[in-house]
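Participant: Listed below are the residues making up each chain.
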Amino acid sequence: MKLNKEVIRVGQLASDWEEAVKQCGQLLIENGNVEARYVSAMVETVHTLGPYIVIAPGVALPHARPEDGVLQQGISVYILRKPVSFSSDKEAIVFIGLAAQNKVMHLNLMKAVAEVIGDSEQLVQLKKARTVREVQQLFDKESG
Amino acid sequence: MKILAVCGMGFGSSMMLKMTVEQVLKELNQVADVETADFSTAASLPADLIVTNEEFAKQLDDGSKPVIAIENIADSQEVKEKLIVYVG
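Protein chains in written order, with the working numbering: chain A, 108 to 251; chain B, 3 to 90.
Bound conformation, chain A alone (with noise of 0.2 Å):
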């Protein structure tokens, strides 16, 4: 999957998890991929259902519903230079912003994503990315 380098930021700073998933949809918000409410959305899902978000060790995956707002499907990659806490054995340094508009072509984002995430080296790589092309060559696999 290729990305464009203005859905990602490296080397970032955020005071907290809140800071860093508004500043990770707001990659989406720019890139026309989603409406400014499903940023809030995305934010009220952490207050509501908790820290799940984070679906590997210190990657989160902050997303809303298809219907909070998403005009493009498509994904936003924000990285920051020290990990936020979600909770007490919760944090994450690598914010993966989500907007899906069904559940299939959803299912291509996904399998994007997890083809990174779900290998530790590729992980680890990404966790440490210094510069925009590193996260697009990890992106930008076969598979598409």
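The set of hints was computed from the structure by calculation and includes no laboratory data. Please note that a few of the clues may not be correct.
[Claimed, not checked] Facing chain A, from chain B, some residues (calculated, C-beta under 10 Å): (1) Gly14; (2) Thr22; (3) Asn31.
Cβ coordinates follow ideal geometry from the N, Cα and C atoms, glycine included.
Given chain A, work out where chain B should sit, using these hints.
Facilitator: For chain B alone, kept in the frame of chain A given last:
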């Protein structure tokens, strides 16, 4: 066998977990129905096994069926190690 992959909305991480579980089943040469569900309805759905994250696992484990907590939902190795006890 019916396996439920559970996350908060039944739409985000549960779909990734479903993909990982299906991949593992294939590797183990096993067949099972894998469905996604959101946390609020999961407890009332019929299933032989639930896979989910650590927080939801604690809350969904009512003793009626095995509930497996996964730390990295995309890690097929972790899912395989935890699932193999219950399938096959």
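Participant: Are Asn31(B) and chain A close enough, Cβ to Cβ, to be under 10 Å, as the hint says?
Facilitator: violated, 20 Å
Participant: For the restraint on Gly14(B), tell me whether the closest CB of chain A is nearer than 10 Å.
Facilitator: The hint holds - Gly14(B) has a Cβ within 10 Å of chain A, the shortest such distance being about 5 Å.
Participant: Just to be careful: measuring from the Cβ of Thr22(B) to every Cβ in chain A, is the smallest value less than 10 Å?
Facilitator: holds, 7 Å
Hint 3 from the list above is the single one not met by this structure.
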